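Need the complex rebuilt from these two chains, each delivered in its own frame; the hints are there to steer you.
One line per chain: the protein sequences are L and G, in this order.
At position 141 of the first sequence (counting the first as 1) the number is 141 in our numbering, and the numbers step up by one without a gap.
All you need for our numbering is the position in the second sequence, starting with 1, plus 250.
The hints are simulated quantities; they were obtained by calculation from the structure and are not laboratory data.
Note that this is a predicted model, so its numbers are computed, not measured.
We treat Cβ as the ideally placed atom computed from N, Cα and C, and that holds for glycine.
There is no bait here: all hints are sound.
Below 27 Å or equal to it, Euclidean Cα-Cα: the simulated DSS-like pairs (lysine-lysine) are:
1) L:K170 x G:K442
2) G:K377 x G:K442
3) G:K442 x L:K202
4) L:K184 x G:K377
5) L:K170 x L:K184
6) L:K202 x G:K440
7) G:K440 x L:K184
8) L:K209 x G:K279
9) G:K442 x L:K184
10) L:K209 x L:K143
11) G:K442 x L:K209
12) G:K279 x G:K442
13) G:K279 x L:K143
14) G:K279 x L:K202
15) L:K202 x L:K143
16) L:K64 x L:K10
17) G:K440 x G:K377
18) L:K60 x L:K10
19) G:K440 x L:K170
Going by beta-carbon spacing under 7 Å, a handful of chain G positions derived as facing chain L:
20) Y283
21) A294
22) V295
23) V304
24) G307
25) V340
26) G346
27) K408
28) I430
29) F433
30) F437
31) I438
32) M445
Covered by chain L, per the in silico footprint, the following chain G stretches (three or more residues, Cβ under 8 Å):
33) 297-303
34) 313-324
35) 409-416
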Amino acid sequence: MIEETFAEGKSAIHRSNPPLRTALAVIYSFTVALTNDTGALILALFFSMGLALLARLPIKALLKRLGAAAGFLLFVWLVVPWTYESDVLWSFGPVAVSAEGVNLCWRVTLKTFAILTAFTALAATMHLATLGHALHSLGVPSKLIQLLLLTYRYLFIIETEYQRLYRAAKIRNFRPSSNIHTYKTFAYLLAMMFVRASERAKRVYQAMKCRGFDGRFHTIGNYSSTVWNPILCIGVLLVSAVIAGLEFTS
Amino acid sequence: MHISEGYLSGPVLLSSAVLAIAGTAIGLKRLDYEQIAQAGMMAAVFFVAGLIHVPVGPSNAHLIMNGIIGLLMGWSAFPVILAALVLQAVFFQFGGFTTLGINTLIMAAPAVAVHYLFGPLISRPHKTGSVAAFAAAATAVAFSAVLMAASLLFTDEKFWALAGTTLVVHIPIMITEAIIAAFCIGFIKKVKPEMITGKTVTLKSSHSVIASQPQEKRSCN
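Excised from the complex, chain G in its bound form (with noise of 0.2 Å):
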């Protein structure tokens, strides 16, 4: 999901570089240094997983997975995504410098959405949080859909047909992705429950799953 160089307009292209750098800017400010390691992991994870393509249909799509990076890392996504984004750029030339702002807000801001809609119902037990993950990544994607094709709209209001197509193609991603998503939070929620309840993993707490719990973590104080 990206929008290449070129095809948007200066207000564009500057207000949405605004929005992004004031995301990243909470996103570094809520992001310790303790957790940096964990940040730069998960944008190298965001980026492979882009990478990986996935058959829809006849056809076949990479995966976004700005859904699940909301859920893991809230504001961070911003800066978490921003990364990723600096990277294939300079290795594949997906994009430059001038699209980084909107491409940036196009992924992060929903996943940041996400985060809040439906964080809290994630952790809770078997068909409620699958479905909380499923429906968690088919938001994220549609948002992101949405605000690529509101970029193309606010660009040029004729650009309807093109912006209409945009939205249209990203249903299947949708779906699969919510399906892909729905299976990948259940894993590490059995695996590692502490990515998801624990809201940071940090050297206190690593040696046991036990103490990002809240309530042994009260009882132990």
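This is chain L alone, in the form it adopts within the complex (with noise of 0.2 Å):
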């Protein structure tokens, strides 16, 4: 099932000003992506903890959404070191470990895991109906929210869809494996999840101009002013110049 798993919450970083927060979460974001410097990245992580704190997100959610990312990042330490083509850290007969190359998969490690945990602290503790307005308080065009939203109301039934089609197939004794007739099953099942989709989509439109759907989308959202929206400001503001400072001058 799909599920907001960090969306809920009282902490300091939920109550504060959702717009405010994404804003943060862009600029800090782009800051530790383009820096190189392994001190800074060092400090970003840190820090990246401090605000997974500070939103108290459930520690084992956490790791377990860092741990797919990890997945990835698992295969770059299996493939670049040894192939990354600088000074040999070690080598062991054929084989030779890159010093440069253990750097890199250093320094994307912990680019990864400080990016990923901020983004979940700032940003993936809001609905993502909040998460649309504030998008759109930020100056992203209407239309691309009101796509986003409609996607998000209903990726649900969607989801719902096809796990009964997928029960279906089940009951008729449906086992996948490596072969055409099972291809052909799911091709199956996705054209008719297309196809209910368009005609629900239709449906919808009806729906929406009956109820006076003019091409403008309101937003509902007041978001009242805590003390923790300059402090967040403040300190996140902080850590990115500091991080860019220590890239510049190394």
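Set out below in structure tokens:
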């Protein structure tokens, strides 16, 4: 099932202003992504962990999410040190581990975890509807926001529909394996989802018209100001500036 | 098919973001408000398709289906895929804000290319249509894999092994997707042909299949 694991909460970050949080997440993410200084990246990782603590993210769920990212990192660690051409750190018969390759792997690992943790703490702590409103107030075109919110609205329905179709296939003794029958079954299942989605979209649009949809989108979100807004703002901007500074001086 | 946070260099991230924004702008411009529900629904299907794991040899892979999205949506594939990626980022943290641009570009640019290359052939009857659908899905995945590998190489030329592995890994996925897409398009053509022949399914044509076929439309007017 699809869930918004981190969206509910009463922490300082959950209560602060969503558009501000979104903007800070964008600034901080790009700052870290463009940094190559290892010291600065270690600072970033610690700051991101601090944000995660401040947001009181459930540790288990967070680690599970970071674990998914770690899968590809593991792959990078398995490939890059042996194939990156630079000074040899140590060699083992014909196999040589490159010093620069290992450094690079460290930097990528630090960056991935720092950015994803901060993103989870700042942006994934709001419901998608709130994020939509936040992006809208930051200047993202309203058509795109409507598309995003409609997707969000019908995602769970489409997913349930998939589960239902898949259950029906299973009841008829469908066992997936690598053969044409399996692919055909999945293809028809998917095609049925496309067809039903298209039918549903028509009904939805008719319903929208009936309710006077005129292409505009009204935001009802109204966020009270808390003392955390300026603290969060100054904190994230300050750390971003320090990281950028370290990057330039290194 | 995702590049997570932290891998790519600044120039690659920023230039791909610019291209993705341009593509999305074109896609949004071509997307009427009448089609917005349709597009949202397609984005939801695209998202769910990404959760379906299909056996490929001894392992399994999740579907990408950017080829079909391209065939059905044209330029609107850009905003549709972007919306699905934002949802994936928020729900699963597959990526964050900095990689939205590159990941949109990796999946949506091939979708649009396939729309122009194979779109006209899809509505042809029988074998030609199926072969075109097969080729479209295969091309879309191959092009996506090439873009992904290119983004790694542009970041650092010494990433060649990583980029090469990315390409090789996508070959079985490409074939599986192509088979599924051929059957999928065949099914849609039988059940709801106007999704493929009629460019847009608007309210006017929604109650009759005939109305979306150009010849009949002319005689109505």
